[in-house]
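Chains as they are written, first to last, in the UniProt record's numbering: chain A, 1 to 539; chain B, 1 to 539.
Everything labelled a hint here was simulated from the structure, so no lab data went into it. Even for Gly, the Cβ is constructed at its ideal location relative to N, Cα and C. Among the hints, erroneous ones may be present.
[As the list claims (entries may be wrong)] Coverage of chain B stretches by chain A, computed from C-beta distances (three or more under 8 Å per stretch; other residues unrestricted):
#1 180-191
#2 292-306
#3 402-415
[Said to hold, decoys possible] Stretches of chain A that chain B covers, calculated by requiring three or more beta carbons in the stretch to come under 8 Å of a beta carbon on chain B:
#4 101-114
#5 170-184
#6 199-213
#7 293-299
#8 309-320
#9 507-518
2 protein chains.
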Amino acid sequence: MSKERLYLFDTTLRDGAQTQGVQFSADEKRKIAAVLDNLGLDYIEGGWPGANPTDTEFFADAPKTRATMTAFGMTKRLGRSAENDDILAEVINAGTPAVCLVGKSHDFHVTTALGITLEENTENLRASFAYLKTKGREALFDAEHFFDGYKSNPEYALEAIHAAYDAGARWIVLCDTNGGTLPHEVSEIVTAVIASGIPGDHLAIHTHNDTENAVANTLAAVMAGCRQVQGTLNGLGERCGNANLTTLIPTFLLKEPFASKFETGVSLDALKGLRKASRMLDDILNRVPAKQAAYVGASAFAHKSGLHASAIAKDPSTYEHIDPASVGNSRIVPMSNQAGQSNLRARLADAGIDVDLGNPALARIVERIKEKEAQGFSYDTAAASFELLARAELGTLPKFFEVKRYRVTIERRRNKRGKMVSLSEAVVVTKVNGERFLNVSESQGPDGSDQGPVNALSRALSKDLGPYQAYIEDMQLVDFKVRITNGGTEAVTRVIIDSEDGQGRRWSTVGVSANIVDASFDALVDAINWKLIRDGAKG
Amino acid sequence: MSKERLYLFDTTLRDGAQTQGVQFSADEKRKIAAVLDNLGLDYIEGGWPGANPTDTEFFADAPKTRATMTAFGMTKRLGRSAENDDILAEVINAGTPAVCLVGKSHDFHVTTALGITLEENTENLRASFAYLKTKGREALFDAEHFFDGYKSNPEYALEAIHAAYDAGARWIVLCDTNGGTLPHEVSEIVTAVIASGIPGDHLAIHTHNDTENAVANTLAAVMAGCRQVQGTLNGLGERCGNANLTTLIPTFLLKEPFASKFETGVSLDALKGLRKASRMLDDILNRVPAKQAAYVGASAFAHKSGLHASAIAKDPSTYEHIDPASVGNSRIVPMSNQAGQSNLRARLADAGIDVDLGNPALARIVERIKEKEAQGFSYDTAAASFELLARAELGTLPKFFEVKRYRVTIERRRNKRGKMVSLSEAVVVTKVNGERFLNVSESQGPDGSDQGPVNALSRALSKDLGPYQAYIEDMQLVDFKVRITNGGTEAVTRVIIDSEDGQGRRWSTVGVSANIVDASFDALVDAINWKLIRDGAKG
Numbered sequence: 001m002s003k004e005r006l007y008l009f010d011t012t013l014r015d016g017a018q019t020q021g022v023q024f025s026a027d028e029k030r031k032i033a034a035v036l037d038n039l040g041l042d043y044i045e046g047g048w049p050g051a052n053p054t055d056t057e058f059f060a061d062a063p064k065t066r067a068t069m070t071a072f073g074m075t076k077r078l079g080r081s082a083e084n085d086d087i088l089a090e091v092i093n094a095g096t097p098a099v100c101l102v103g104k105s106h107d108f109h110v111t112t113a114l115g116i117t118l119e120e121n122t123e124n125l126r127a128s129f130a131y132l133k134t135k136g137r138e139a140l141f142d143a144e145h146f147f148d149g150y151k152s153n154p155e156y157a158l159e160a161i162h163a164a165y166d167a168g169a170r171w172i173v174l175c176d177t178n179g180g181t182l183p184h185e186v187s188e189i190v191t192a193v194i195a196s197g198i199p200g201d202h203l204a205i206h207t208h209n210d211t212e213n214a215v216a217n218t219l220a221a222v223m224a225g226c227r228q229v230q231g232t233l234n235g236l237g238e239r240c241g242n243a244n245l246t247t248l249i250p251t252f253l254l255k256e257p258f259a260s261k262f263e264t265g266v267s268l269d270a271l272k273g274l275r276k277a278s279r280m281l282d283d284i285l286n287r288v289p290a291k292q293a294a295y296v297g298a299s300a301f302a303h304k305s306g307l308h309a310s311a312i313a314k315d316p317s318t319y320e321h322i323d324p325a326s327v328g329n330s331r332i333v334p335m336s337n338q339a340g341q342s343n344l345r346a347r348l349a350d351a352g353i354d355v356d357l358g359n360p361a362l363a364r365i366v367e368r369i370k371e372k373e374a375q376g377f378s379y380d381t382a383a384a385s386f387e388l389l390a391r392a393e394l395g396t397l398p399k400f401f402e403v404k405r406y407r408v409t410i411e412r413r414r415n416k417r418g419k420m421v422s423l424s425e426a427v428v429v430t431k432v433n434g435e436r437f438l439n440v441s442e443s444q445g446p447d448g449s450d451q452g453p454v455n456a457l458s459r460a461l462s463k464d465l466g467p468y469q470a471y472i473e474d475m476q477l478v479d480f481k482v483r484i485t486n487g488g489t490e491a492v493t494r495v496i497i498d499s500e501d502g503q504g505r506r507w508s509t510v511g512v513s514a515n516i517v518d519a520s521f522d523a524l525v526d527a528i529n530w531k532l533i534r535d536g537a538k539g
Numbered sequence: 001m002s003k004e005r006l007y008l009f010d011t012t013l014r015d016g017a018q019t020q021g022v023q024f025s026a027d028e029k030r031k032i033a034a035v036l037d038n039l040g041l042d043y044i045e046g047g048w049p050g051a052n053p054t055d056t057e058f059f060a061d062a063p064k065t066r067a068t069m070t071a072f073g074m075t076k077r078l079g080r081s082a083e084n085d086d087i088l089a090e091v092i093n094a095g096t097p098a099v100c101l102v103g104k105s106h107d108f109h110v111t112t113a114l115g116i117t118l119e120e121n122t123e124n125l126r127a128s129f130a131y132l133k134t135k136g137r138e139a140l141f142d143a144e145h146f147f148d149g150y151k152s153n154p155e156y157a158l159e160a161i162h163a164a165y166d167a168g169a170r171w172i173v174l175c176d177t178n179g180g181t182l183p184h185e186v187s188e189i190v191t192a193v194i195a196s197g198i199p200g201d202h203l204a205i206h207t208h209n210d211t212e213n214a215v216a217n218t219l220a221a222v223m224a225g226c227r228q229v230q231g232t233l234n235g236l237g238e239r240c241g242n243a244n245l246t247t248l249i250p251t252f253l254l255k256e257p258f259a260s261k262f263e264t265g266v267s268l269d270a271l272k273g274l275r276k277a278s279r280m281l282d283d284i285l286n287r288v289p290a291k292q293a294a295y296v297g298a299s300a301f302a303h304k305s306g307l308h309a310s311a312i313a314k315d316p317s318t319y320e321h322i323d324p325a326s327v328g329n330s331r332i333v334p335m336s337n338q339a340g341q342s343n344l345r346a347r348l349a350d351a352g353i354d355v356d357l358g359n360p361a362l363a364r365i366v367e368r369i370k371e372k373e374a375q376g377f378s379y380d381t382a383a384a385s386f387e388l389l390a391r392a393e394l395g396t397l398p399k400f401f402e403v404k405r406y407r408v409t410i411e412r413r414r415n416k417r418g419k420m421v422s423l424s425e426a427v428v429v430t431k432v433n434g435e436r437f438l439n440v441s442e443s444q445g446p447d448g449s450d451q452g453p454v455n456a457l458s459r460a461l462s463k464d465l466g467p468y469q470a471y472i473e474d475m476q477l478v479d480f481k482v483r484i485t486n487g488g489t490e491a492v493t494r495v496i497i498d499s500e501d502g503q504g505r506r507w508s509t510v511g512v513s514a515n516i517v518d519a520s521f522d523a524l525v526d527a528i529n530w531k532l533i534r535d536g537a538k539g
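The following block holds chain A by itself, in its conformation from the complex (with noise of 0.2 Å):
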C-alpha cells in the first residue's frame, strides 16, 4: 500500500517569532532556516516582508532552501484593487515560490475588528487570491479563527474559505488563533469541511496551545483528513505557543496509525537530529531547554523510580514508549546502576578516552558530576570541560601553568570631552614551569570601542603564557553564552565559553560562580587547558 504525503509547514521565524520575548535578528533567522531545511520540512515561512526591518531583511537575501519557502502577508483591504495595496505589494515583491495571506473567516471578526460588511470581506478575499494565482505563486490562505467562526456562523465561515479556494489558493488554513478549540470540535469541523467540498489535501491545521491541545487538535485534524500540518520548533509561538512540530515530527513518523500511513518529508535518519534542532534554537534564543519536553527534553527518558530502573535493565520497552536514540536523546537510568556507567563510558569514548569497564574512576568521575552539577555546572554541551574534568580523575591531566591572582577594574567615568566612557582592564598573574607571567591588557576592540571585562581578561591571560603561548597563537573566544541558574539573590551564573583555533577546531568551556567574572575565568582556563592537550603540549 503506498503511502499518503502529509506536509509539514514550520512557522517558527513567523508565528514563533510572536513569543514574548524573542527576537530573531535575520541571520539568527538563517541559521534556524537551515536547521529546518535539513531536517526535512516542506514550507519554511519566513515572516512578513515589510512589516519590520528585520523580516524585510531576511528576504532581501533569503536562504535558498530545498523547503518551499514562505512569505507571510494580509489580504488586500477594502477600498483598493489587490494590484494597488501597499502591503500586500512588499510580500510580493519577496519572490518567494508560496505566499500565505490571513484574511477573516469569523463574522464577529469582520464587522468587530474589520468593521467592514460579510460581502466585502468575501470579495477581499476572492480578489487576492484571484491576484496571487495571476502572480503564479502557490497561494495559502491563512483563514484566521476559521474555528470560533464556524461554531458562531457556519455558512459565512465556509463560504470565506470557499471564495479563496475557488479564487485559486492551494491550500486552506484552518487556524484556532485563540487555542480555544478542543479535540473533538476539530475532529467535527474539519469532517464538515471536507463534506462542503474542499478535499482535505488541500486543508491545512494550525493550531495553539491554550488549552495544552495544540498537538492533538492538530492529530485530530490529520485523522479527519488534512494533510498539512503547521506549527514551531520547541512549541514557540504567541501567549502559550503554536503546535510543536518537535512532538508531532516523531509522532508521525514513529506512532501508529500515522507512521503506516503518511510518508513525510522528514526521514528516519533526519529524525536522529531532532534534539540536535531543539537545543540549538534554544541557544539561539539561550533559553533552558525544558526538561520534560515530549521526546526530546532531557527527562523525556530519565527513569527515576527504582522498580521503573530495574524493569528498563530487563527491557526498555517495559517503560518507554519509543527508543530514545530514534529523535537522537538518551536514557537516563540512577547513575548508582551498571547502565549509568556504560552511558559515561561512551561518553568518554567520544572525547577519545578508553576507560575498562571495571575502573574504579568511573564511578569517581560519576560523582564529581553529580557534585559540580549541583551547583550549577553543567556539561550537555561544554564538552571540553567534561573532558577535563575526567582527565583530572583518571590522572592524566597534565598541569600546564598555575594562575596566582588575577584583577579586573571596571570605570565609567567622563573622558576630556565630557562624555561618559567605560573602560575595563585586566591585570593576570601565572606561574609556568617556576617563571612568573605578570599580564595586562584593556577591553578596547580593533575600533576602540569598549568590549567588556571578559574580552580584557581573556587577552591578558592568553598574552603571555612563555612556553606555551605558541600553542594558544591561533586561538580565539568566538561566543560567550551566560546563564543565571537560581534566579532570586541565591543568583550563581554559568558561563559557557566557545573557542575557535587556526585548525577549525571549536570547543565548549563552563564556568560556575556567583561573580560572573570569575565564573568566565575559570572558562578562559579550561579553554586553554584543553587546546593545550588538544595540541600535545608538554604539561
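Following the hints, complete the assembly by docking chain B onto the known chain A.
Coordinates of chain B only, in the frame set by chain A:
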C-alpha cells in the same frame, strides 16, 4: 438538568515527586496539600508510606484535609497472604481513608517484569482488594500499563481489572504508564471497558505527557465516560510529567461541553486562585515559572502582534479564549517592533500614563523603542524601563540624581590561609541636588560569601542617595537575567533586573552594553528611578 459529578485526584505528592530533580520534604508536602485542599481537589495522594523516610514522616502526621487523603502502595506479592505482606501492611497502617494500590494488567509485564503467571497475578489482585475491603478503606486499583496491556491482550487486561473491581475496588484507575497512547486509542479503549461492565463512575484516567497528549487523553477518557481524573499541579511527574491539573481544572470549569455537564469540587471562586497555586509550587521547587503554560503562564494572555493588540482594545474576546481573571491571570500587551500606536497607548495606560491619540510624542516613543531594540534592548518584560523611556519623551521624567562615575574592582587571589578567594568592590559617585555622594561597598553576602560585582554595585548605588534614601530603603534586587544578544566577538549583553519593595511591588528594568557590568548598572539606575516615581518623590 442536574450535573454529573467529576472527581479530581491529585498525585503531585506521589507521581509528581518522581520528577527528575524534585525532592519534597515532608513539610513541603504539607504546604502543597493545604493549597490543593483549598483549591477543592477531591483526593490527595500523599505518597507511599514505607517506601522512603519522607513519605513515612508525612503520613505519621498527615494533614487534616477536606479532600480524601490517599496512601499509595502495591498489591500483595506472590507467596504470601495480603495480611502478611509487610510492604502492604505499612500502607494500611498509615490509616488513610483511601488506599491506591498499583498492580499489573499487561500480560508482558506480568511475565517479564514480575516473572509470574497471569493466573497468579489475577489472584494477587483479588486477594489485595478483598483485604482492603475488610479494612473498610476506599480502594483504588492503579492498573499500570492498562492501555498497552489492552492493546497486547484485551481479554487479560479486562480480566485483571474485573478481578479488582469484583473484589471491591471502588475505582479502577486506567493508567497510560509509558505515556505513548494517543487520544483516539484512549477513547476506543475506555468505551470498551465500560461495555465490559465497569461503569464510568468507577473509572479513573491517569495519563502521562510523553507525546504531549496527557491533557487530550484525559479529556478523551472523560468524554468516553470516566468520572475520575488524576493529575498533578503544573504537570509535574516522571519523564515528561503527568496530566496537568492546572490546565484540566479550568478546562472542566470553563469550556464546553464540560462546564455544562459536570460539577467538580472546585468553585469558580477557588479557580481565581489557580495561578497563585501554580506559582506556589514553583516557589517551593525554586523553579522559573513556565511562561507559556496554558491558562496560568505569564505569556498566556500576552498579545505581541500589533494587529491582535488593536483588536483586543476593541473587544478582548477577539484574541482570548477565556477571561484571564477567571484563573487569576492578567493580560499583557507588550511592545515589540510589530507594535502600533494603539498597542503603545494601551501599554502606557497600564502604567497610569494617559496620552491623547494625536500626541506627537507617541511617534517619537515608537521610534525610540525601535532604535533601542535594534541595540539589543527588550521592553517586553522590562515594563519599568519602558515607562521611563516614555516619560523621557513625554517630558514627565524627573531628574532625581546624576551618576558622576563608578568603578568596580574584581580580584581573585590567595588569602592568608593560602586559599583562592574572590572579592569585588564598587565605588559609585552620585550628585543629588548639587551635593556629591561617594559610596563604596563590597561583594560579600551576609554569610561572608562572594556575591559578585553586580551585587557590590547595587549596594554602593543604593547606600546613600541623600534625600531619596528613605524611598529606596525597602527595595531589593530579587532576580537577575543575562542574555548575549549577538553571539561571537560582537557580543552585546542584555541584563534584566527584577526588583521588589516592601509594598509587594515587583518591577523589571533593562540595560544593554558590550560590558556586562555597565549593562547591569544601567538597569539598576532605572530600577531606582522607577521606584522614586512610584513613591511620588519630587525631582
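Here is what the structure says about each hint:
no. : hint    : result
1   : 180-191 : holds (count 4)
2   : 292-306 : holds (count 13)
3   : 402-415 : holds (count 12)
4   : 101-114 : holds (count 4)
5   : 170-184 : holds (count 7)
6   : 199-213 : holds (count 5)
7   : 293-299 : holds (count 6)
8   : 309-320 : holds (count 6)
9   : 507-518 : holds (count 6)
Of the hints listed earlier, there is not a single one the structure fails to meet.
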